[in-house]
Amino acid sequence: MVTQTIQDPNRDPVSYSIQLAKINKHFGAVKANVDVDLNVVKGEIHAIVGENGAGKSTLMSILYGFYEADSGSIYVDGEAVRINDSKRAIELGIGMVHQHFMLVDNFTVLENIVLGAEGSWSLTSSLYKARNKLQAISDQYGLNVDLDAVVSQLPVGLQQRVEILKALYRDAKILILDEPTGVLTPQEVDQLFAILKTLKSQGVSVLLITHKLQEVIAISDQVSVMRAGAMVATVKTSETSREALAELMVGRKVLLRVDKHVANPGKTLLQVDSLTWHDETDVPRLDDVSFKVKAGEIVGVAGVSGNGQTELLGLLSGMLDVQQGQINIEGICIDAQHQMTPKQIRHLGVGHVAEDRHRNGMVGAFSAEETAIMGFQDEPEFNGKILQNRLAITEHCKSLMNTFDVRPADPDLKSASFSGGNQQKLCIAREMNVSPKVLLVGQPTRGVDIGAIEFIHQQIVSLRDQGSAVLVVSVELEEILSLCDRVLVMSEGRIVGNVLASETDARSLGLMMSSSRSGDQMVQQGSQS
Amino acid sequence: MEFSVQLISALDSTLRLAAPLVLCAMAGLFSERSGIVDIGLEGKMLAGAFAAAAVTAVTGSVWLGLLAAILVSIMMALLHGFACITHRGDQVVSGLAINILAAGLTVVLGIAWFRRGGQTPSLGSDERFGPLTWPLSESLSDVPLLGPVYTELLSGHNLLVYVALMAVPMTAWIVFKTRFGLRLRAVGENPQAVDTAGISVAWLRYRAVIMAGLLCGLAGAYLSIALGAGFIKDMSAGKGYIALAALIFGKWRPYPALFACLLFGFLEAVATRMQGVQLPVVGEIDVQLMQALPYILTVILLAGFIGRAIAPKAIGTPYSKDRA
Amino acid sequence: MSRRTKLPAWADIGLIPLINVLLAFLSAGVVVALIGESPLEAVQVLIRGAFGYDEGVGYTLYYTTNFIFTGLAVAVAFHAGLFNIGGEGQAYIGGLGVGLICLALDHLLPWWALLPLAIIAGSLFGAAWAFIPGYLQAYRGSHVVITTIMFNFIASALMVYLLVNVLIQPGSMSPETRAIAPESTLPLMHEIFEFLGIKITQTPLNLSIFVALLACLFVWVLIWKTRWGYAIRMIGFNESAAVYSGINPKRMVVIAMMISGSLAGLVAINEVMGAQERVGLDFVSGAGFTGIAVALMGRNHPLGIIIASLLFGALFQGGAELAFEFSTITRDLVVVIQGLVILFCGALAYMMRGPLERLFAALSRSNQEEG
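Residue numbers (the numbering used here), protein chains in the order written: chain A, 20 to 548; chain B, 114 to 437; chain C, 2 to 372.
Same shape as in the complex, but just chain A (with noise of 0.2 Å):
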């Protein structure tokens, strides 16, 4: 029997909620599941860590029947079933938060809980009928939210509370979240652990699919770990580390110590003041931001995504056009009378590596050669009078291609072809290859395997010491730390702090991420406890 062989011997049987046994997915040559499984004990919070594209979130698809699995067998509550789409998994009393919420935004709270659970073809007595239920469901759990206002309306923690009535009122068992607090101010992430706690305390089982230890740490009773398709440890919380969870998920040790000696930073080159950027909504993306970056040093931009990073790195690369306040590069003035076009800004001697290398950095149809002359395509060395001057332009690409290490090193393949860590080098080779006075650096790392890290955080080093004025921004705390010599701390469009890498810790970081206008308080009430 296969539940035989995947239970653990020193443990009771039955009190699974859920079982996976032997799981296997594969995309095109890609094994994104091998093997695996995975037991959920009935009313514990479950966690699976993993980095990015370890399978989690294939796994999660696989259990809520928004993919079938190749091979393996599920067990609900000891049964086993085959869930071969998501009204199936319902059925099976499964509900998921996804990581992007799947709401309606133009539709009420009720409407949107109610969707796809509607009981009679009538609108007004289902919506009257769900009325109560959720009355009930939300003294039960504690989850109060106005069942009338407009999805697009609500904070994004509210939006993520929907979703969790949402499956609470399809009755779900075993409620599974993917990565549920990317998106989440430090403050509702506390209020999310506090609900989560609460189902818990019902029986709920809770599947929690993260890369944030602390957090696994903090709240979950189990940790199974997945590198590379494949389950590769599960472990009473109680008995494991940050420390231990992070070596099983890399499977080696990860030194992320980048080789510098102490920045000498000199004349300000990038100069920000007074910034504030509202959205088409008016809704305030960037308040007040005013920094200064030196020839020669590296300055990290820390915060939880959705802060105000974007806007500011449109901004400064002129994507976004300027509202308030001003932008100095070298003592030239950008502001909403003088606006500048990301061309007229790159002249200035500013390079951009893009955040979203998928969504700008870079054309997946294009070939590496016309991806490598994005941004510089106007430029003399390129163009005859009338045509392109393709010759150049392969060169060119070559030549980024060797500096850079790409592989493989053909100019003509597609841009799609290359893999994550090739793609982001051929796209930093482009801007850091007319060595720019100012580099602006979007997430320099994301996607990108280990030893492609490494070089690149090397490159944005030399570069520094060249004496270039250097902006990162980046999600990676450890990599703020480990690259920057001074970090910047972003909040809900604000800088919250701002401090010298060498004299601050993740922890220090994380406290100042997590303040915001209400924050504050809870900050000083933290330190006057």
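Just so you know, these hints were derived from the structure itself, not from any lab.
Take these hints with a grain of salt, some might be off.
Restricting the straight-line Cα-Cα distance to at most 20 Å, the calculated cross-link-like pairs of lysine-lysine (PhoX-like) are [as the list claims (entries may be wrong)]:
id, chain 1, residue 1, chain 2, residue 2
1, C, LYS226, A, LYS433
2, A, LYS311, A, LYS456
3, B, LYS364, B, LYS426
4, A, LYS286, A, LYS313
5, A, LYS50, B, LYS434
6, A, LYS279, A, LYS313
7, B, LYS434, A, LYS106
8, A, LYS61, A, LYS255
9, B, LYS364, B, LYS290
10, A, LYS456, A, LYS286
11, B, LYS290, A, LYS148
12, A, LYS362, A, LYS456
13, A, LYS231, A, LYS255
14, A, LYS216, A, LYS61
15, A, LYS216, A, LYS255
16, A, LYS404, C, LYS226
17, A, LYS362, C, LYS251
18, A, LYS219, A, LYS255
Here are some chain C residues the structure puts well away from chain B; computed CB gaps all over 10 Å [stated by the list, open to error]:
id, residue
19, GLY305
20, ALA321
21, PHE325
Note that CB positions come from ideal geometry on N, CA and C, so glycine has one too.
Knowing the structure of chain A, use the given hints to seat chains B and C on it.
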């Protein structure tokens, strides 16, 4: 008095001319609210018109003709669904293919079957949906003001005009007051939310395009066996596109779309009456201008100069489970 | 759902389009069989009508010329990620430009001096008509598909108005302009051949087919060899990457639409300055829509567009012959084929990919097992 008679007669033809627009606009509403662009209203209506006239001519039964129109139009709609939902093809391209296919097939089959250069045999009055006279309309016609409105304007249309007018509250009720409507609106905004709620996106969208087919079939039948007496080549004459314009003009909502259809119908009704008429101040209004006015108004609306037409968010994008 | 084995490039570029075209024609064959005629016979008549004698060839190439222009127009917009359904209206308005300049200068200039001016006028008028939808899409957020549909109708109404009320030849009943002076119209092909000492039957085929071929070369160079083409393709693939690269996507949308419209406007060189020698009602007669089928079938590449245009030219000419041979088939069959090509090469373009990928996977597996 003269003016009010003129007005009532103009409004009367407005209803006649707007009826197919209303049916097509409601058809488009179902499809587009589910996230499927439907520029194929024209083709479905044309195919329906041909089927209705052909079957009525052969069997002598308007009801069989109506049924044929609906079935053929639904088949075209299913083809659209097959391309856009099952094979995630481009919705505009598919709609265009259906329009061109219908324009060609109706004539090719018409010539092959009836040998009248693409027309179907003309239908006698018992082979068409005739006017329905409302009770007491004779005796009430002398009541001042309300009498003519009742007798001339409201009474005396064929069944399908009333069906068209009924289609609007029906559509509004289905879309806003039923489970299907909730899901329909959801799938046009965020299909992934629908999918993860355990509802099949494809089946939901198929049902939406089938509804669109049904309504376009009615519109087609109206053209050939109610308003007209047989099929004539290209008899839809851009009405499907006007209905699409009306749908957009009505911002994808049933009653505003009805209003837009009536407005466009009125413009057409007036256009024919205005030929050669000298108006005070503006002088003679050109027929071509009146004909182009629905399109011009829609372009102005789309350009955001009068309000804003916000389309369902997921419109035009095929749904796939793959994460990019 | 899952990514299957990738197809080899030749299958992707060559085989799938070929299968799609074949499917379209097979379906057309079914329609012919359905109305009780022999599809094979119909094909024979078609081919004979299109290529069997010099007059047929002349007409085939005359239609081809129009389709090349409209096909290129659709393709350029496609590369920028835009679907220009307005080729019909743009060509019609282009005719206004060509007509006005020819009527203004035909007694002053010979055709060779007038041709460049007519090309400029036709392109400008076509571009202007495409500019508005392009501008509205870029700066006002209205969708170019809907606005170009609307603009086809508006163009039609406008031209009817102008031809009936303004441009009509005084004393004439039919809504068309006076004829352009003979020495100012484009030489017909039989005249050119006669000059070379070869006698062929007179057809509307004229010098503009060379203009069409030049336009192909222009589009090829523009799209793949210049920085403007680079920018057009970039906004087509990824608008946000274009912003990053310092390209103004809004401006490029307008420019791409204008190039597209100007190519459509050139249809008038063939029709107004060449074949009909005047501006008449509805002289475009659907070429704008055929251009969509042509671009889809030719995969937006000038070479593919030439081949597809030739095919459709043959269909239109051969289709006219069908009516003589069969009592039940008319040229409307070609409209059906056009619809089927748009359906199979456009809307159902990826239908065959899944089965083919499985087939290739199975083949490579069996090869591995043998080897």
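Status of each hint after checking the structure:
no., hint, result
1, LYS226/C to LYS433/A, "17 Å, holds"
2, LYS311/A to LYS456/A, "14 Å, holds"
3, LYS364/B to LYS426/B, "13 Å, holds"
4, LYS286/A to LYS313/A, "5 Å, holds"
5, LYS50/A to LYS434/B, "18 Å, holds"
6, LYS279/A to LYS313/A, "17 Å, holds"
7, LYS434/B to LYS106/A, "15 Å, holds"
8, LYS61/A to LYS255/A, "14 Å, holds"
9, LYS364/B to LYS290/B, "19 Å, holds"
10, LYS456/A to LYS286/A, "11 Å, holds"
11, LYS290/B to LYS148/A, "15 Å, holds"
12, LYS362/A to LYS456/A, "15 Å, holds"
13, LYS231/A to LYS255/A, "17 Å, holds"
14, LYS216/A to LYS61/A, "14 Å, holds"
15, LYS216/A to LYS255/A, "17 Å, holds"
16, LYS404/A to LYS226/C, "12 Å, holds"
17, LYS362/A to LYS251/C, "15 Å, holds"
18, LYS219/A to LYS255/A, "16 Å, holds"
19, GLY305, "16 Å, holds"
20, ALA321, "14 Å, holds"
21, PHE325, "14 Å, holds"
In this structure, every one of the numbered hints holds.
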